[in-house]
Amino acid sequence: MKFTIEVPEIEKRPKGVLSPGQAKELTEAIFAKLYDEGLFSEKQACDLAGLTRREFGEVLSRHDSGSLRYSPKNLNIELQQKSQ
Amino acid sequence: MKREVVSDAGPLISLEKMEGGYSFIRKLISKIIVPPSVLEEVFSGSFSTAEDYLQAFNIQDLIETQVPPVIPEAINSNPDLHQPEKEAIALALSIQKPLLIEEDIGRGVGDSLGLIISGIAGLVLQAQAQKIINKKEATLKLRELFEGGRLNRKLYESLLQNI
Chain A
1 MKFTIEVPEI
11 EKRPKGVLSP
21 GQAKELTEAI
31 FAKLYDEGLF
41 SEKQACDLAG
51 LTRREFGEVL
61 SRHDSGSLRY
71 SPKNLNIELQ
81 QKSQ
Chain B
1001 MKREVVSDAG
1011 PLISLEKMEG
1021 GYSFIRKLIS
1031 KIIVPPSVLE
1041 EVFSGSFSTA
1051 EDYLQAFNIQ
1061 DLIETQVPPV
1071 IPEAINSNPD
1081 LHQPEKEAIA
1091 LALSIQKPLL
1101 IEEDIGRGVG
1111 DSLGLIISGI
1121 AGLVLQAQAQ
1131 KIINKKEATL
1141 KLRELFEGGR
1151 LNRKLYESLL
1161 QNI
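Going down the list, the sequences are from chains A and B.
For the first sequence, position 69 (counting from the first letter as 1) is numbered 69 according to this note's numbering, and the numbering increases by one without interruption.
For the second sequence, position 71 (counting from the first letter as 1) is numbered 1071 according to this note's numbering, and the numbering increases by one without interruption.
For the record, the hints were derived by calculation from the structure and aren't laboratory data.
Ideal Cβ positions, reconstructed from N, Cα and C, are used throughout, including at glycine.
Please note that a few of the clues may not be correct.
Some but not every residue of chain B turned toward chain A, in silico, with C-beta under 7 angstroms [stated by the list, open to error]:
| no. | residue |
| --- | --- |
| 1 | Ile1013 |
| 2 | Ala1074 |
| 3 | Gly1119 |
| 4 | Ala1121 |
| 5 | Ala1129 |
| 6 | Arg1143 |
| 7 | Gly1149 |
| 8 | Leu1151 |
| 9 | Asn1152 |
| 10 | Leu1160 |
| 11 | Asn1162 |
Lysine to any residue pairs mimicking SDA-like chemistry, simulated, CA-CA at most 20 angstroms apart [what the hints assert, rightly or not]:
| no. | chain 1 | residue 1 | chain 2 | residue 2 |
| --- | --- | --- | --- | --- |
| 12 | A | Lys43 | B | Asn1078 |
| 13 | A | Lys82 | B | Ile1163 |
| 14 | B | Lys1154 | A | Asn76 |
| 15 | A | Lys82 | B | Ile1132 |
Start from the sequences and build out the full structure, keeping to the hints where you can.
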């Protein structure tokens, strides 16, 4: 799977064309959402986005998400620690 | 009795996201053993050397590096694992210590190999259950993990319901 967002290098962008900053933000939001929904593994997301795990974590924090995702199994693993 | 654990990179980053995270973990864990590659992943980008990182958090006595053994094929052949993550799982398996890990695929592999696994959020709950921290402190630490990008919203909210 590959996403490409091309942003023209022009002084005045026509209405509807994203700035490089907006394109970056949108790309990050897409990756964060797809990761949060469980469609990517962390490694897939990092490799596709060209980010380290720490950098990808920062992306997730900016998009209301996080590295450790909800799943019944993950919830159970964390809750089990209460009785350790 | 405090335990020794092996850790992947994610849980160490989680500890950084909590105010006094490493001081907190000392109340539960006496030694965090990591492959050199995990420590390198954690300090890279923020510090010049591993020693700088350890000094900055005053954890020279808490973190110990150990070179992992040859990685078993069941771990090494998985394309969805980061290399340091593979080494952390192999190390935990070889020295039979619990593994701190917060990445889904690695958790599945570790679990299938019989490792005891946890994330930092679970240790926050454990500390509260043992009355090392109170409910307010546990709630704050979970919020720091969420706001630091270490827990997604649904897991964060589910954990809050169980404090």
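Hint check:
{"no.": "1", "hint": "Ile1013", "result": "6 angstroms, holds"}
{"no.": "2", "hint": "Ala1074", "result": "17 angstroms, violated"}
{"no.": "3", "hint": "Gly1119", "result": "5 angstroms, holds"}
{"no.": "4", "hint": "Ala1121", "result": "5 angstroms, holds"}
{"no.": "5", "hint": "Ala1129", "result": "4 angstroms, holds"}
{"no.": "6", "hint": "Arg1143", "result": "12 angstroms, violated"}
{"no.": "7", "hint": "Gly1149", "result": "3 angstroms, holds"}
{"no.": "8", "hint": "Leu1151", "result": "4 angstroms, holds"}
{"no.": "9", "hint": "Asn1152", "result": "4 angstroms, holds"}
{"no.": "10", "hint": "Leu1160", "result": "12 angstroms, violated"}
{"no.": "11", "hint": "Asn1162", "result": "6 angstroms, holds"}
{"no.": "12", "hint": "A:Lys43 x B:Asn1078", "result": "11 angstroms, holds"}
{"no.": "13", "hint": "A:Lys82 x B:Ile1163", "result": "10 angstroms, holds"}
{"no.": "14", "hint": "B:Lys1154 x A:Asn76", "result": "13 angstroms, holds"}
{"no.": "15", "hint": "A:Lys82 x B:Ile1132", "result": "12 angstroms, holds"}
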